[in-house]
Each structure stands twice: as C-alpha cells, then as structure tokens.
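Visitor: Read off the chains here:
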Amino acid sequence: MSEDVSKKNVKLARILLLVALGMFGFGYALVPLYDVLCEWKWLERDRPDAIKKAPEIGYTVDLNREVTVEFMTTLNESTPMVFRTEKKQLKVHPGEYYTVNFYAENKTDKAMVARAIASFSPAVISRYFEKIECFCFSEQTFKAKEAKTMPMRFVINPEIPEEYKTITLSYTFFDNTEKSVKN
Amino acid sequence: MKKTKQLSAGLILMAFGLGTAQADYTLNLMKGVTKVSNDIYDLHMLILWICVAIGVGVFGVMFYSIYHHRKSKGHKAAQFHENTTVEIIWTIIPTLILIGMAIPATKTMIELNDVQASDMSIKVTGKQWYWDYEYLDNGVHFESHLDEASEKTHRTAGADPRSVPHYLLNVDKPLVIPVNKKVRFVLTSGDVIHSWWVPDLGWKKDANPGFINEAWTLVEKPGTYRGQCTELCGRDHGFMPIVVIAMEQPEYDVWVAKTLEHQKQKPDLSDQTSGQLMAHGESVYLKNCVGCHQINGAGVPGLIPALTGSAKVTGKWEALDGFLRAGTAKMPSFAKLNAKEYAELMTYVRNNLGNKVGDELQPRQTALPDDDDE
Amino acid sequence: MSAVVVEHDHHADDHHDHGPAKGLLRWIITTNHKDIGTLYLLFALAMFFVGGSMAMVIRAELFEPGLQFVDPAFFNSMTTMHALVMVFGAVMPAFVGLANWQIPLMIGAADMALPRMNNMSFWMLVAGVLLLASTLFMEGGAPNGGWTLYPPLVLQPITVGKALPFAVFSVHLLGISSIMGAINIIATIFNMRAPAMKLMDMPLFVWTWLITAFLLIAVMPVFAGAVTMLLTDKFFHTSFFNAAGGGDPVLYEHIFWFFGHPEVYIMILPTFGVASTIIPVFARKPLFGYASMVWATASIAFLSFIVWAHHMFTVGMPIAGELYFMYATMLIAVPTGVKVFNWTATMWKGAMTFETPMLFSIAFVVLFTMGGFTGLMMAIAPADFQYHDTYFIVAHFHYTLVPASVFILMAAGYFWLPKWTGHMYNEKIGQLHFWLSTISVNILFFPQHFLGLAGMPRRIPDYAVQFADWNMISSIGGFIFGASQLLFLYIVIDTIKGGTGEKVSDEVWEEASKHSLEWTLPSPVPYHTWTTPPAIVPTEHVLDSH
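Residue numbers (the working numbering), protein chains in the order written: chain A, 69 to 251; chain B, 20 to 393; chain C, 12 to 557.
Be a bit skeptical, because a hint or two may be false.
Stated by the list, open to error - With a straight-line Cα cutoff of 30 angstroms, these simulated DSS-like cross-link-like pairs (lysine-lysine) come out:
(1) C:Lys514 x C:Lys525
(2) C:Lys508 x A:Lys79
(3) B:Lys283 x A:Lys156
Quick caveat, the hints were computed from the structure, so don't treat them as lab data.
Work the whole structure out from these sequences, hints included.
Guide: Structure representation (structure tokens):
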C-alpha cells in the first residue's frame with residue numbers, strides 16, 4: 069500500500085469514526101427531540117415534565133357544552149398506598165373551574181416519597197386541560213401512615229374542539245423513596 | 020422440478036389440514052364479531068389476494084423461465100438487459116396497487132381511532148401476570164387471573180392440558196360488557212409493558228406504565244371471546260389470558276348488581292378448619308404468589324428467593340404479615356388482600372411447600388383495625 | 012486507533028514477501044483479509060449452530076402443549092439469546108466475512124484498507140459474543156426480556172438477574188466491532204479500488220456492502236446509546252425510560268427501532284448483493300438492470316430510517332403517526348419489487364443451470380418474496396392490530412432471514428468455496444442439503460402464519476390446545492431443518508480437505524470471469540492477490556449503464 073493511499077485511508081477512517089461518535093450523540097439527542105415532537109399538535113403525547121401550573125384567569129363558561137371527565141388512579145408496582153379519587157366521572161362545562169379531591173395514604177411505617185404521573189386520553193387533551201393546583205406538580209412526601217387529601221383544581225379551555233365528549237385523566241403513583249434517598 | 024416439489028409440499032400440508040377431523044388446523048384470520056374486526060378481516064383478505072395474484076404472476080414467469088430457459092434444453096442465453104419502459108412499468112404499477120391498498124386502510128385506521136361518543140369506560144390495567152378491570156361508571160372493580168385448572172396443569176409435570184377446558188384461555192373472573200354499547204377501554208399498566216388483545220374484537224393495544232391508551236369496541240352478538248397478553252412481560256407472559264363476555268343489557272345489569280353487592284360484602288372473618296384454611300390458602304397462593312415463587316415454593320435461583328425453609332416465612336407470623344403488606348423493591352405489596360386471605364395464605368405457606376410450622380392462623384387474628392378502608 | 016494504522020505501513024510492504032505465519036499464531040495475529048474472512052466465516056458458522064441449538068430447545072418445548080422441558084424464564088432466555096446470537100453472532104459476522112474475502116478480490120485491491128483494525132474488529136466480535144454467552148451461566152440466567160430489551164421489563168430485578176450489564180457491555184463490543192468493520196469496508200471501497208474500476212463498475216455485492224456499511228455506522232452507535240441509557244436507568248438513577256422520573260418506556264421503543272429497522276436491512280442488503288452476483292452467472296446473462304438495482308438498494312437504505320415505528324403500531328401513537336408510518340412502510344415495497352422483478356428478468360431467456368448456489372438463490376428469491384408479502388400485509392396498520400406480536404410476525408421475519416439471508420450465505424459458501432480452496436464441493440450432497448433445507452424450512456415456518464392468524468402470541472412457552480397441531484408440524488420441520496444443516500458443516504469441512512478431488516479451473520463456473528474479477532485469479536486464490544491492480548475490469552454486468 070502506498071504512503072499516499074494509506075494517508076487517505078486513515079483520514080477517511082477518522083471522518084467515519086467521527087460520524088459514528090456523532091450518531092452516538094444523536095441517540096442521546098433523540099431524548100430531547102422526542103419531547104419536542106411530543107408537543108406537536110398531531111403527535112401529542114404526555115410529557116410528565118411538561119405539566120405546568122396554569123394561572124386562574126377566568127374564561128367565559130360555555131354552558132352549552134358538557135364534557136365528561138374521567139379520573140383514574142393507579143399504583144405502580146402495587147406500592148403500599150391507598151390512592152383514590154373522590155369522583156371517577158365528572159361532567160364539566162368548558163371554561164368553568166372545578167376542584168376534585170384525591171386521597172392518598174401511606175400504609176407503611178416508613179416515610180415515603182412518591183410522584184404522581186399524569187396521562188391524558190386522548191393525549192391531545194393535555195393542551196386544553198389547565199391545572200391550577202395539582203399534587204402532580206412535584207414529588208409528594210408522606211410520613212409513616214400519613215393520609216392526605218389532595219385537591220386538584222382545573223379548567224377545560226373553551227377552545228377544546230367539539231369532538232371531545234369524554235376525556236380521561238390518569239394518575240399513577242410511583243414510589244421514588246429509594247431514589248430520593250440516594251440522590 | 021422445484022415448482023412441483025414446492026407444490027407437493029404445500030399439498031401435503033393442506034391434506035394434513037383437511038384430513039383431520041378436528042378443526043384445529045385453522046388457516047386464516049378470524050372474522051371476529053365487531054365492525055372493526057370485520058373491516059380488518061376484509062383488509063387482510065384484500066391484501067392477501069393482491070399478494071397471491073402478484074406472487075402467481077411473478078413466480079409463474081420465473082418458473083416458466085426456469086423450465087424453458089435452461090441450458091440442458093439447449094436454450095441459448097439472450098444478452099438483453101436494461102429496458103427503461105419495463106422498469107418504469109414495474110415501478111408505477113406497484114405504486115398504484117399500494118395507493119389502492121392505502122385508501123381502505125386509512126378508512127379503517129380512522130374508524131379505529133374514533134373512541135369518542137362512547138357509552139361507558141372500563142379501565143384495563145395489565146399487571147404481572149393478570150388483568151385488573153375497573154368500570155368507571157358503576158364502580159365494579161376486580162382482578163382477572165388465569166383459571167385454577169390451567170394454572171395447576173401448566174405447572175405440573177405430566178398433567179394433560181387437553182383435559183382442561185379452554186386451557187390457558189380461561190380466567191376466574193371474565194370481563195363482562197353489554198352488547199350494542201360502545202365500550203371504551205382505557206389501558207395502563209402497573210409494572211411493565213403488556214398488550215391487551217382480543218382477536219374477535221379486532222383490538223390489540225399496549226398497556227404502558229404511567230401512560231394511558233384508548234381502545235373501544237361495540238359487540239352486537241352475545242358470546243364469550245378469548246384473547247391473551249401479547250407483549251412479553253416476564254416469565255408468566257403466556258399465562259395471563261383475557262376473557263370477554265358480551266351479554267344482553269338486562270343480563271348485564273343483573274351481573275353488575277350482583278358483582279357490586281359481592282364487592283360490598285365484608286370478608287367472612289369466622290374461624291375455619293385447618294383443611295379449609297389450606298384449601299383456600301392454595302387458591303390465594305395460585306393467584307398471587309405462584310408466578311414468582313413457583314408451585315413448590317422453590318423460587319428461581321438467582322432471581323426469586325425460595326419460600327421452602329425461608330426464615331421469613333416460618334418465623335413469627337406478625338413479621339411475615341408486615342412484610343407482605345409492605346412489599347420490597349423486588350416484591351410488590353400485597354396490601355390489597357383482606358384479612359381472610361391473609362390468614363389462609365399465611366397458613367398455607369407456613370404449612371405446605373415443604374414448610375411445617377404447625378400453626379393455624381384465623382382471619383380474626385390477621386384483621387387490621389383499618390381494614391375497611393378500601 | 013489511527014496511530015496503529017500509520018505504523019502498519021512500514022510492515023505492509025515486507026508482509027507481501029512471505030506467506031502466512033505458521034501455526035495457531037497465524038490466526039491470532041493475521042492481518043490478511045483472506046485469513047480474517049475465514050475467521051469470520053468459521054466463527055459465524057459455529058454461532059449458527061449455537062443459535063440453532065437454542066432454536067431446537069424452543070421448538071422442543073413447543074412440540075406439545077404443556078410445559079415439558081424448560082422453565083418459562085429459561086424459555087424466554089432462549090428466545091432472547093437465539094435472536095441475539097443469530098443476528099450479532101451469525102448473520103452479521105458471516106456477511107462481514109464474505110466482505111473480507113470478496114471485496115478486495117472483486118475490486119482489485121491487495122487487502123483491506125486498515126488491516127490491523129480488521130484483526131481487532133474480529134477479536135472484539137469474539138469477545139463480545141463470549142461475554143454475551145457467559146450470561147447463560149450467571150446467577151439468574153441470560154437476559155430474558157426479548158432481544159429488543161424493552162424497559163421496564165429488562166430492568167426488573169425479578170426478571171433479569173446479574174446479566175444486564177454484561178449484555179449491555181457485550182452490545183458495546185459488538186457495536187464497536189461492526190463499526191470498525193464498516194469503516195474498513197468503506198475505506199477499502201473508496202480508496203483501494205483498482206483505478207480502472209469506477210463506482211458504477213463495481214459488482215453489486217460491493218455496492219450493497221458499501222451501503223450497508225453506512226447503515227452500520229449510522230445506527231450501531233444509536234443502539235449502543237440506547238442500551239447505555241438502560242444501564243444508567245438501572246444503576247445510576249437516570250430516568251430516560253422511567254415514567255416516575257419524567258421518562259417514557261415508549262421512547263426506548265422509538266430509539267431501539269430507529270436502530271432496529273435499519274438493522275434488519277443490514278442483514279438483507281448484502282443478501283441482495285450476493286443473489287445479484289450469483290443469478291447472472293448461472294443464467295449466463297448480465298443482470299437485467301444494474302443501475303436500477305443500485306438505486307433500489309440505496310432507496311431501501313434511505314427508507315429504512317423513516318419507517319421504524321411500524322414495529323410499534325399498537326403502542327398508542329397518535330393517528331397522524333400511525334398513518335405516516337403506514338404509508339412510508341408501504342413505499343418500501345416499490346424498490347423491493349424492483350429487485351425481485353430484476354432477478355426474474357435476469358433469469359428470463361437465460362441459459363440456466365442449477366448447481367447448488369443457483370438453487371439456493373432461486374429459493375431465496377421465492378421465499379424472500381413471500382416474507383416480503385407478509386411484510387406488506389403488516390405495513391397495513393389496522394391489519395397489524397391483529398398480526399402484531401403473534402406467530403404471524405415470527406413467520407414473517409424468519410422468512411426474510413432464514414430462507415433469505417441464511418440461504419444466500421449457504422449459496423455464497425457453495426459459490427466461492429471452490430475458488431477459495433481450489434477444491435470442488437460434492438454437488439450431490441449439496442443438492443441433497445438444498446432440498447432438505449428448502450422443504451423443511453417451509454414445514455417449519457409456513458404453519459406459523461396459520462398459528463399467528465389463529466391467535467397464538469409470540470414468546471410464549473406454552474399454548475392453548477387448539478394451536479397444538481400446527482406447532483407440532485412446525486417443530487418437526489424445525490428438527491429436520493436443524494439436522495440438515497449438519498450436511499452443510501460436513502460439506503464445508505470436506506471441501507476444505509479436498510472435496511471431490513476434482514481440480515477446479517480458475518473460472519470455476521462457466522464464463523464467471525465475465526462477471527467479476529475474482530474469477531480471473533488462480534484457484535485456489537493465492538495468499539496475496541492484486542499486489543498490482545488489474546488494468547481492465549469485467550463490465551459484463553454494467554454494459555450500457557454508463
């Protein structure tokens with residue numbers, strides 16, 4: 069192999085190696101990219117970190133429309149808690165503010181850190197469902213055997229398209245105690 | 020040569036299928052009982068026939084050529100190649116066929132997506148390894164496990180699956196829905212990813228932990244429809260079937276009333292004989308523990324501890340009780356069980372599976388002051 | 012890495028003066044592309060039997076309903092390891108082995124561009140596969156969450172024991188090995204080609220490998236990234252895929268299949284290349300459309316990057332996503348169709364003979380097309396709601412891998428072994444091997460279509476009794492297919508040791524030298540070839556395409 073070709077080979081190999089490293093980075097870049105794409109109107113998917121507290125601004129209430137909101141509660145890995153909602157279904161008018169109470173109880177003798185992850189169905193509803201107060205904004209800490217009533221205040225933006233008649237909001241509690249201890 | 024061999028192989032298989040008295044050599048997709056499943060079936064047949072037609076055409080040409088254009092027959096090779104017209108034709112025609120397929124497929128996809136205007140919602144939660152159903156409108160809530168006969172049979176060496184009715188496709192408590200109602204399913208998971216599939220309804224949808232998915236169905240014909248979990252979810256992935264029973268509305272209403280009443284009943288905390296405790300305990304064990312700890316309590320080396328000879332099991336029952344309620348990083352909490360089930364289960368694990376503590380726990384002993392919480 | 016390569020130059024020239032080193036050391040330190048090619052091929056063959064024996068365990072357990080032989084977790088380990096070993100240990104290395112042997116011979120290069128790196132990538136492959144295999148003997152067993160390694164299942168302590176970090180590290184090694192191999196192949200094709208050979212003169216095998224190498228560089232690092240995220244999620248409390256920390260398990264599926272879909276083309280594009288090389292030789296005709304074959308390969312490669320989510324139609328995507336991925340996936344049928352039509356047109360009005368390599372190639376075209384048809388069926392998203400994760404898909408991808416990639420690898424063995432060894436294989440046993448394989452592979456996989464349509468999910472160790480009959484037939488086919496492959500092992504050994512004893516000509520196959528350069532070299536191929544590049548290159552296959 070001539071000196072010349074050899075140099076060319078090494079140069080090309082270096083470039084390709086950089087491309088490979090770049091693609092490794094691209095794999096990681098897909099993580100934030102996914103969050104961005106999930107915000108797009110037609111690709112909407114719940115991003116737990118995207119839940120923001122909305123201000124209570126006072127919409128005009130649309131009394132002509134009624135939307136059934138369903139509330140679901142799940143415990144991941146059968147975490148030793150009680151977690152339920154005061155109402156499983158609620159008929160609401162877009163623009164009107166409501167408060168629904170959720171009830172959670174730590175059944176263990178130890179303190180517990182748990183996080184509620186929200187998910188909407190259909191997912192696109194998340195852009196019309198504004199939360200003024202929610203236990204899902206941050207991690208919740210429970211003392212041993214502690215029971216809490218957690219109000220969730222929300223409004224459905226009157227801009228919600230006509231087609232949505234039944235929507236579901238699900239909360240899953242994940243036990244993050246171990247994780248928060250280590251961090 | 021090749022053609023005939025292939026053909027004969029196919030024929031042999033066909034003969035197998037037709038020759039047997041049992042109808043077990045099912046060949047095609049089932050039509051199912053919903054509009055969606057029928058639309059999917061039609062789509063399936065449409066594509067299948069298009070593929071068969073293309074296959075017959077292409078393979079026909081190929082086998083004609085293999086038969087006639089062989090050197091042993093003295094055929095001289097033509098040296099043609101590259102023909103733009105031909106190449107354009109064989110690009111355009113498939114594209115048109117694809118467009119023809121895409122139109123009905125899009126229609127069905129939109130139909131599948133239309134979950135709105137439903138009459139009722141059922142929450143479906145996949146768990147290792149059973150399904151949990153919760154009716155959001157009337158509060159019916161229960162777990163649906165593989166039936167005991169299948170559970171015992173697949174775990175017992177030498178047991179005959181053919182003697183069990185609906186082996187691996189039967190559950191203790193089936194999901195009941197009314198006919199002619201649009202039922203919306205909201206799916207999620209309590210641990211890993213599962214997938215809820217009932218072929219007759221034409222639906223398969225993943226159940227993801229932390230997130231919810233939607234599906235819907237409208238069944239017109241009363242009947243029992245069976246399905247399975249289709250996303251690998253661990254060792255007992257093959258053992259969490261789904262049974263849906265569609266009932267006429269009045270019958271359904273009776274079922275709901277009965278189930279709700281049953282749900283409201285407090286567990287019977289009266290004393291049991293040791294035989295009763297052991298027999299009931301086995302049922303509780305088969306539903307809740309056997310997936311990991313195995314039918315003989317041996318666990319799985321390196322993954323799941325054995326119950327046989329375990330100090331946690333044979334030590335003080337109060338400690339075992341607390342342990343089961345709290346769960347660990349590896350084991351879920353079993354706080355969902357009631358006092359009766361606790362007494363039965365603990366008596367069973369302490370006096371079976373190779374253990375012999377010799378005690379009998381009665382439900383009144385395991386009852387907690389706040390047991391009426393849920 | 013580059014330092015190693017530069018240093019190599021000083022040795023490169025004096026290497027040419029002598030033959031291979033003696034003894035075992037030759038195989039460990041070799042930088043000769045033929046030696047490394049041989050190592051890759053033999054290693055792949057060994058892994059083919061290892062992965063195959065796992066498949067036998069699976070088919071034995073599924074022979075009858077009820078659990079007879081293995082525990083469900085071990086069964087899951089078997090499906091997981093069977094896939095990983097076959098994909099990363101058998102099929103991919105076998106094609107790299109072919110590339111090592113054939114690309115320099117076909118383009119008139121003296122060796123691969125970076126011979127030391129070549130040696131390193133082989134040994135890294137061995138290390139990676141051994142590491143993966145070692146998990147079989149670990150506490151808690153080998154990974155059993157499926158080869159797709161979906162979280163949270165694969166992160167669960169009750170599901171996967173100590174094996175996860177080892178499996179992840181093994182994927183890293185395999186990834187680095189493939190990337191180095193790919194870099195080498197690209198550099199060889201671009202820089203080492205005989206000056207007389209333009210890109211559009213290259214045999215299709217070289218073209219398909221060039222495109223495959225770019226796919227490898229693009230997606231193997233993404234897979235390495237995904238498994239690294241799994242590792243940090245498990246041990247360092249990151250939350251890429253854990254909803255509790257703001258992550259999403261579905262994101263893993265997206266990243267995995269962004270790698271996974273091109274990965275399946277990594278296994279099929281070189282297959283196309285070999286078929287396009289073999290069929291014209293035995294049809295005694297130039298390939299019908301050389302340029303369109305090149306373009307079809309490139310467009311399949313491009314499309315492979317934008318269709319990944321068709322592996323996850325039931326995951327709960329918004330309808331816009333479902334429709335987009337359905338349309339994009341259907342498009343793949345067009346270039347794939349072009350290829351099948353091309354092979355058919357190449358056979359049309361040829362003067363065909365049916366030696367074993369041709370038989371395997373024809374079976375490939377037919378059976379791969381059948382796998383393509385079921386692929387098209389599954390592209391239809393609503394229909395996939397019924398097919399997804401059933402035996403229908405198991406049948407589909409095995410049709411595109413076994414009677415496609417594996418058959419073509421066998422064809423390549425029969426086609427080039429005489430050239431490499433100078434010995435002719437036993438044609439009678441070759442044909443027997445072909446017929447046994449072709450018939451049994453259909454008995455094995457065809458009934459799986461019926462099983463899937465009838466409602467049998469994949470990855471289950473036990474099933475309802477209505478699936479019993481087809482499962483038994485499928486298992487019988489599997490055992491025959493597995494046993495038939497021992498014939499191939501016998502033929503390979505026999506041919507290396509002398510075969511029929513018949514001295515093969517330089518051309519081996521009638522007029523093969525019109526198609527590609529390697530047939531102008533002596534048989535067996537000398538240890539060093541093309542130390543001076545060939546002045547003229549065969550252009551039979553590319554007539555008129557300039």
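Visitor: Now, for every hint given, state plainly whether the structure supports it.
Guide: Structure-based check of each hint:
{"no.": "1", "hint": "C:Lys514 x C:Lys525", "verdict": "holds, 21 angstroms"}
{"no.": "2", "hint": "C:Lys508 x A:Lys79", "verdict": "violated, 42 angstroms"}
{"no.": "3", "hint": "B:Lys283 x A:Lys156", "verdict": "holds, 18 angstroms"}
Violated hint for the displayed structure: number 2, the only one.
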